[in-house]
Amino acid sequence: MTKATLQALLSHWWRNPLQLFTLLAGLALATALWSGVQAVNAEARASYDAAATTLGEGQYDRLVRRDGQPMAQDTYITLRRAGWLVSPVVQGRLNGVRIVGIEPLTAPGGIGPVAPQEGADAARFLSGEGQLFGNADTASRLPEQAFVITPEAAPGTAVTDIGVAQRLLDRQGQIDTLIVLSGQPMGQPPLADIAPDLARQSAQGGSDIARLTDSFHLNLTAFGLLSFAVGIFIVNGAIGLAFEQRRPVVRTLRALGVPLRGLVVLMGAELMLFALIAGGAGVALGYVVAALLLPDVAATLRGLYGADVSGTLQLRPVWWLSGLAIALGGTAVAASGALYQLAQMPLLAAAQPRALAMAAGKRARFQGIVALGLLCAAGILMATANGLLSGFALLATLLIGAALALPLVLDRVLAGLSRLAKSMTAQWFWADTRQQLPGLSLALMALLLAMAANVGVSTMVSSFRLTFTDFLDQRLASELYVEVEDTAQLAALVDFASPRADAILPIQSAEVMIADQPTEVFGSRDHATYRDNWVFLENTAAAWDRTFDGEAILINEQLARRSGLSIGGVVQVQGQAFPIVGVYGDYGNPIGQAVIGEDAFVRLFPQVIPRRFGLRMDPAAVPGFVQELEEKAGIPATQSVDQAQIKAISLAIFERTFTVTTALNVLTLAVAGFAILMSLLTLATMRVPQLAPVWAMGLTRRQIGWLELMRAMMLAVLTAIVALPLGLALAWALLAVVNVAAFGWKLPMYLFPLDYARLGFFALLAAALAALWPARRLARTPPADLLKVFSNER
Amino acid sequence: MLLRVTDIHKTYQTADGPFAVLRGIDLTLEAGETLALTGESGSGKSTLLHLIGGLDTPDAGQIVLQDQDIAALDDAARAALRRGIVGVVFQQFNLIPSLRIADNIAFQARLAGQHDAAWVKTLTDRMGLSAQLSKYPEQLSGGQQQRVAIARTLAPKPRLVLADEPTGNLDEATAAIVMDLMLELVSEAGAGLLMVTHSEALASRMSRRLHLKAGRVA
Amino acid sequence: MNVKMLLLMCWMPFAAQAQGFAGLGTQVEGFSVPQPDPTFDFPADHGPHNDYRIEWWYLTANLKGADGTDYGLQWTLFRSALAPEAGAGWAAPQLWMGHAAVTTPGNHYVSERFARGGIGQAGVTAVPFAAWIDDWELSGDWNTLQMRAGGPEFAYDMQLTAEGPLIFHGDNGFSEKSAAGQASYYYSQPFFAIEGILQLPDGDIAVTGNAWLDREWSSQPLADNQTGWDWFSLSFDSGAKLMGFRLQQTDGVNFTSATWISPEGEATPYSDGALQAVPLAVNDADVPVRWQVTLPDKGVDVTVAAINDNAWMTTSVPYWEGPVTVRGTHAGIGYLEMTGYD
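Chains as they are written, first to last, in the numbering used here: chain A, 1 to 794; chain B, 795 to 1012; chain C, 1013 to 1354.
Keep in mind that the hints are not guaranteed to be accurate.
Unchecked claim - With a straight-line cut-off of 25 Å between C-alpha atoms, the simulated DSS-like cross-links for lysine-lysine are:
id, chain 1, residue 1, chain 2, residue 2
1, A, LYS3, B, LYS951
2, B, LYS915, B, LYS951
3, A, LYS3, B, LYS915
4, A, LYS3, B, LYS929
5, B, LYS929, B, LYS915
Since the hints were made in silico from the structure, they are not lab data.
Start from the sequences and build out the full structure, keeping to the hints where you can.
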């Protein structure tokens, strides 16, 4: 019995290969979209983490020789014996591999090979031939060395003991950098007394950028979430169609005596087999997609770190598993609903079409209530969401609510349009479109989500980029930044630069507690640089005047949010009260910050000597100035930073982010377009009986084909109209709720109408391409097939 | 006694309130006997057929088939009944479109585990389907399709054949040929036949007839 | 590989078989093993014995400020060898670990250092005597010593003057640690007078007191069923001193050993069972901080109580080490060390 039933069930697919293809392709695409985004995300994160942790870059101050040359190992011993807790690092290249030698007993935690593991042996690492930690690719480039393979290691980097590194690089007795550990002992002598040729480099710069890239990852994660939603809709649609198409067969089988339970089990098993096959194909496809996208991601991160980031993918088991889990889970969810319906379906349903229609009406009402409930919840969350969890809940309720509401909204709109219709053809067109809506609604939901995701993510990324560019202009307004080490250099700089630069702006700060928040207070010199470039989130009149006069204070957004302070509030700094006259955006900064006038700062913090200066000058004069500064004032070029460099690197990151986002946008739209194509193809075969009377009444087949195409595009346009506000709401949730919860600052939201128009055009194009083939097929339906509709009628 | 139906009641819920389709039907059928069920549309004759076929369950009353009360059976047992003992010929043929004619004919016998190749060959030949075996249902005419459906129903050698307007979708000439074949084969198999029809001509060819009116035997 | 994991691997080189406290119950091939009837050679034996796996220079001091406040101080340098040789450069198989602490009645300040041997960052030389790791140092001729150490919240600078002879524990310096014969070489200088300055977050404090310097080396000092120890160094008001330890065993039986030191510096060793130490009360972390210590042969029955219950050494291998007061048949002060409680 099982064999005969299985034969009957499977023979359906052989006779209808297109339907089988729809099902498998739908499943595979959904899986591919999901696993592709996950792969890009995971790989980018892994590379980024590895790069960041290899040397704890940005976390610790470092000591280097002023002249950039390596220092003698004795310098390390001298510093340690003087009570300076530093750890030596030597670096170099061997056979294309970056060798990093660390001293594990003194290095801060979290540096070097990620974790002790099998193969890690202290005695072997520290003495004898030594051990190198690196990924398999790195190990293959140094076949003669004893490697411990750590897949998460930074690409092209091998970490080993400093003694081993010195030997491999033939640099015995040399050290490049000393990492300055936190928690230095009391009574330490000044660096200048023990090692005058060393300079201390502060860790500041790196961590800000790291914070910003976290936002980039959040962006990708949000995209993964959305692609998941699109994927689930497609899976659901594919499964739903597979069941719908076989409903008559199922009924016949039951009438012929196949028990319901056996049928449900067989169909479930069949679907799970398909899910496994399609899921496997989908993961492989996702891998290809990710591999194509990854060079961009890798380039993005390489631009950021200037370090090697792997441009190739590692096939991580977790992708296979999560990809297959999505395929199987999505199929199971979709199939359980369909199977439940199948079990509930009366054996004689065909005899009671009215009952089915009533059930459909009931379902539409239920769907409407759920959609309304979800959208109401989203509305409440919009007003109240304040954490990461509620932020993501907001995203979910918005998305699902809107998707569920879409068919109902479209149905109402179409009903309204049909009332406006004048001609008979138009009336038939609207009525027929309404009738088709249920069959297309899942594909349209997928299109809605894809478009909304694109609008949302594009808005977020573009807003981010604009904000960041403005922020860079504001913060890196000076053409040159110079760091001095002592009062002698300070005097030399001022003497040398005063006649040559337009302005010398000291960057001096002190750490204090303001409203119980750790805060860095800056004392700024009155200059147009600040007045022209800084953008306030809110401010009172003459905010800069009052600040430079020393009577008022400006605070950053982080401090304002955490302390609940705003304009009109008063804070205490070193016992002096300052009214707040402005709040400014401070993207990427983890702690509070405040600005007071230079005079007030000097009065309150007399012990602070300015170490960094921003110099305003003609950008073209910068290189010459730096060279002269070294030659004539004795301030090494290593202490000067040309801001154009910093800015260029930072902006490059976001250009790359853009490339990746665009690629993903196109991909999601393509998948949604495919869903439309498949739905239309499926509907096409059922549509012959519906179209035959219209044809008989005088519309040509060509006209019918055109109308089919118009219908698909019109539905796409309507969906796009719904998608735009949804996408903007999504962007708002990402920028104003999720980002605040994750990073503590709110990103201003900008609108990009041209981008949206382009997206709308793409969506229309996708819908048109999807509808083209089915429309052509309809236009070429042989008249005999149309006639058969009448001859075959009961 | 092959079949005994006692005081069957069935009510459907409709948008206009409950509607009593059957209000106390009694009938009996012996093996080899043929019975026509006639009546106007809505008189409940199709419903009665579905109940006897185990496709639906009565609200009250007894349907005893070969000494078994089928109203008391669960879904799996009723499915088993449909596979082997009762065969149903539908008005709309209900062939499996993805299977070839040969597989469609043998399908139910295989389901029931009562496949008899010689008997299937006899059926195929007598129905004049030998040339169509490797075709698909959509390639056959309506009359041919109904002959496939009848052959399929008779293949497992059921004790009781239920037919619901089996020739309703066919033209008169084709209907007459199909009907002749069905009556012949049912009688050869020694099965009982219960046929719903509103054709006087057909009804007159049966050994007995029962006329339903508003859910009661008239 | 973070420092702590590396350290644990160093101190427990054979993790799979690691036994006892910090791997001290592990026998390692190639290293020398202490033998009975030792002959010491000074000043050479104040220096390192690289063919033994572990060794320490361990100084504790009971101090008093001008206002009578009790303080405790610790300066310790541990040597751990990966192989029984001195070696040179980064490849030298000698690893060094320093612990320094200051205990006040209300606070306990701890600092820890690590260094590789062979590069000069840490080491010990016998002539002239100097033991150092980074800026921490203990140096002099053993009649007088200078000592300094510090961490982010404390520092100290001390001068020590010996007022009595070296004391050899066990059988002339061969100190048995178990019934199975595990042993170490163990001698002390318990007669140091100490004075100097403690730098604490609240300011500098001038202090004076007594210090006790232990020297011990071995390759497998504990039996494999011994999981920790409780060690007492008590200085009575009478001028006499008592060193005693109790080794905790997994079989529930404890192994004890003691040395009675007369005010003149005559040592009387006591083997297993003569000394009894019984916990009386524990602190919040279930570490016993009050003990009853008895040595009936000398009429000793005293209660030993921590000055600060929370003298927990939050080092890579954590333990408890702090100053105590002594009451009962004999009054005095001392130091208590407890391991195997974490």
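task: Verify the proposed pairing of LYS3 of chain A with LYS915 of chain B, using a straight-line Cα cut of 25 Å.
output: 21 Å, holds
- request: Measure nothing beyond the straight line between the CA atoms of LYS3 of chain A and LYS929 of chain B; if it is 25 Å or shorter, mark the hint as holding.
  value: It holds: about 21 Å lies between the C-alpha atoms, which stays within 25 Å.
task: Measure nothing beyond the straight line between the CA atoms of LYS929 of chain B and LYS915 of chain B; if it is 25 Å or shorter, mark the hint as holding.
output: Holds, because 16 Å separates the two Cα atoms, which is no more than 25 Å.
task: Given the hint that LYS3 of chain A pairs with LYS951 of chain B, test it: the Cα-Cα distance must not exceed 25 Å.
output: It holds: about 20 Å lies between the C-alpha atoms, which stays within 25 Å.
query: Is the hinted pair LYS915 of chain B and LYS951 of chain B satisfied, with a Cα-Cα distance of at most 25 Å?
result: 13 Å, holds
In this structure, every one of the numbered hints holds.
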